[in-house]
Amino acid sequence: MATTPDGGESIGGRGYNFKVVLLGEGCVGKTSLVVRYVEDVFNTKHVTTLQASFLNKKLSLAGRRVHLSIWDTAGQERFHALGPIYYRASNGAVLVYDVTDQDSFEKAKNWVKELRKMLGADICLTIVGNKIDLQKEQTVDTKLAEEYAASVGASHFHTSAKLNAGIEEMFLELCKRMLEQAQKEAEQRMAADFQAAASPRRNVVVVEDGEEALETSGRSACC
Amino acid sequence: MQSAARGPSPRVSEAELKCKNDECEFYGNAQWGGYCSKCRKIVASRAAKSESRLRHQHDSFSGHDRSGASYSSSGFSRFEEKRRQQTEKKPKMNVFKKSPSPKEPASCITLAASELEQLKQENASFFRTIDQQVEKDIAATCRSHVDKIAAVAELKSVDELEKQIQQVYKLLVNKMDAFKIYSRLSAEEKDQCLIYAENYIMTCLYTSLFCPPTTEDENKDLIIQNRIRQLSWVNAEHLECKISETEPEVRELVYSAITEILSMDSARAPNEKLSCVVRCCGAIFRLLQVAQGGPASADDFLPALIFVTLKANPPRLKSNINYISRFCNENRLVSGEAAYYFTNLCGAVSFIEGIGAKSVNLPNDEFDQYMSGKVVPVSTWDSALLMCESMRVINEQLTTLEDLEKRNGNTLSTASLLHQEILAFQDDICSKLDALVEQAPLILRPIKEPTELDSENPLTESLPPPIVPQV
Ligand SMILES: Nc1nc2c(ncn2[C@@H]2O[C@H](COP(=O)(O)OP(=O)(O)O)[C@@H](O)[C@H]2O)c(=O)[nH]1
Ligand SMILES: [Mg+2]
Ligand SMILES: [Zn+2]
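As you go down the protein sequences, you meet chains A and B in turn.
Count the first sequence with the working numbering and you get residues 98 to 320, in order.
Count the second sequence with the working numbering and you get residues 743 to 1213, in order.
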């Protein structure tokens, strides 16, 4: 969904559209992170938009235009079961924990397990230890956290929404990986299309005629 | 309000909402002649059958109705019986029937004519700024797609139809990228054209694709509706949602959020339904802003949306959600503002389906008591609910009115069609008569006058002389 089969820019040449979902226990700083990133303020009371749960950010990466939709999620425990509804079709997920709260790190690990199980390697994961400004009270071991992230194919970052530290880098790195992933998928699709094009039936793909194209442009179109 | 202590009043009597088939438990729908989707299909297929029977009446083996047995619910079949008798009593007029039958089943494009006209009006100014030709091309393309899909809509499963529609959306994008008349348009303009096309197609196909009888949608609607009724005691506190119940401004916004979510059911195209969800969520964010003096985060938003959904109890909730998920352009449901709000609505519904004592922070026994209706918690929202009920009634009546207006229009146009048919029939007969008369002209010869033998008529002079008997 992020790219068109021609492997170029998607959605009418307007660039890539990425959906990133924020997951983590309540009060670890998910909302603060995204508000800091998009609006560059710490206190949500100062946000200019009507809401701070769904935010857009446009950036340019390696000459590509990227449109980032960041979806905040409700962190209350009773909403945990709704996770799949939110992370469906996401390109990336940011799993946030509070460096002063071991419990929140365990919750983040649970999210990683669930996401890998449900979406496999298609989704780019970033584990974020927030509130690093409270280093004195840090209880989650940095080295362990980094090792864990590496073991599940995720990146690890420390951030502080309060001091605006590490946030830009974290989202930028995630975008790069999502872009690579999208290009990889586009190449695979192109290869598949190329194969399909070799079959004579593929020639009938006409924009005008729905029925013909419908039959031939299915995923396993060739005979 | 003086009647604040009373619970919500029943809006329309249950019987009126039920399917016209007495034996059926489902809800009826005005668009389907008061039947539920299943019964409507049966009625429609019966009607089609008896019509084709009428058309081929001289075919000797049209007789037995095998399908009768499977739908033997008495009231319904009696009604059907009557209907069949009436259709069959019609005099045979095959002799003068003009070759293509004028009573072809109306296509869904003709049926949606007034909605399409409205859609066109809404987009008229946009197409005036670009090119009227573009609108014509889109409409023609859409009509051909609609015809193809409508022809198979009854035969295919929803999943297949979903794939087919999504494929059509992709084809439209390709077409707009490839064809010359679209080449001057900006990306935004193309997107608006695409939305127009999507709305055009789905406005036509709405009746076939909304809550199709091959799915369980209708059952699920009933289940969630009953569930929400059972949960009528849930208030803002239970959901830990920051809605200050006493503030009039907040209350107003709650009502407008409810109105918006209720209006979702009457929209036809998935994009339009989605817009209702977006407007509902917009009202929720405004009310949260008023309530807490800052922008709301997901932690505040979701409980508020759940609250609004519970208080609104939107009709055919599951059908609407499934219809949007299946037939809205999937790109619009993946990322973007509308996608986020719609996802939250799905989340809210899923939460409601699974609500238990823990999710509303109550001990198990208290929760059970509320659910069974034995105990009703005191709530300032009781009075508000009354108002919500009235709003819902107004909303439903507006929909009914709209429907009546449409049906009235239909009747009028059918009447004028009938009028034309009568005239044509008359002409037809006249011309046939003329032709017959020409073939076998009736020539009136002057009456021969009996010859008066005795008169002095000069004619008699020329007669031969009377035969004289010869002896
Ligand atoms: N010290 C510190 N506090 C933070 C930081 N990020 C968030 N907070 C605070 O943590 C609390 C919860 O933040 P919030 O963004 O609402 O968390 P969410 O529930 O995960 O969305 C708020 O009081 C924030 O002010 C941070 O980087 N450092
Ligand atoms: Mg939050
Ligand atoms: Zn019925």
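Check each hint, because a few of them may be wrong.
Unchecked claim - Quick list of the computed label-pair ranges, beta carbon to beta carbon:
| no. | chain 1 | residue 1 | chain 2 | residue 2 | range |
| --- | --- | --- | --- | --- | --- |
| 1 | B | Arg971 | A | Thr239 | 50 to 56 Å |
| 2 | B | Glu765 | A | Phe291 | 55 to 61 Å |
| 3 | A | Gly123 | B | Ala786 | 50 to 56 Å |
| 4 | A | Gln235 | B | Val1135 | 39 to 45 Å |
Claimed, not checked - A few chain B positions that, by computed beta-carbon distances, are all more than 10 Å from chain A:
| no. | residue |
| --- | --- |
| 5 | Ala1038 |
| 6 | Cys1088 |
| 7 | Ser1101 |
| 8 | Asp1145 |
| 9 | Leu1178 |
As the list claims (entries may be wrong) - One side only, chain B facing chain A, incomplete, derived with CB under 7 Å:
| no. | residue |
| --- | --- |
| 10 | Gln1034 |
| 11 | Ser1077 |
| 12 | Ala1080 |
| 13 | Gly1089 |
Read the hints as simulated data drawn from the structure, not as lab findings.
We treat Cβ as the ideally placed atom computed from N, Cα and C, and that holds for glycine.
Taking the hints in turn, this is what the structure says about them:
no.: 1; hint: Arg971(B) - Thr239(A): 50 to 56 Å; result: 52 Å, holds
no.: 2; hint: Glu765(B) - Phe291(A): 55 to 61 Å; result: 58 Å, holds
no.: 3; hint: Gly123(A) - Ala786(B): 50 to 56 Å; result: 52 Å, holds
no.: 4; hint: Gln235(A) - Val1135(B): 39 to 45 Å; result: 58 Å, violated
no.: 5; hint: Ala1038; result: 5 Å, violated
no.: 6; hint: Cys1088; result: 5 Å, violated
no.: 7; hint: Ser1101; result: 4 Å, violated
no.: 8; hint: Asp1145; result: 31 Å, holds
no.: 9; hint: Leu1178; result: 48 Å, holds
no.: 10; hint: Gln1034; result: 9 Å, violated
no.: 11; hint: Ser1077; result: 4 Å, holds
no.: 12; hint: Ala1080; result: 10 Å, violated
no.: 13; hint: Gly1089; result: 4 Å, holds
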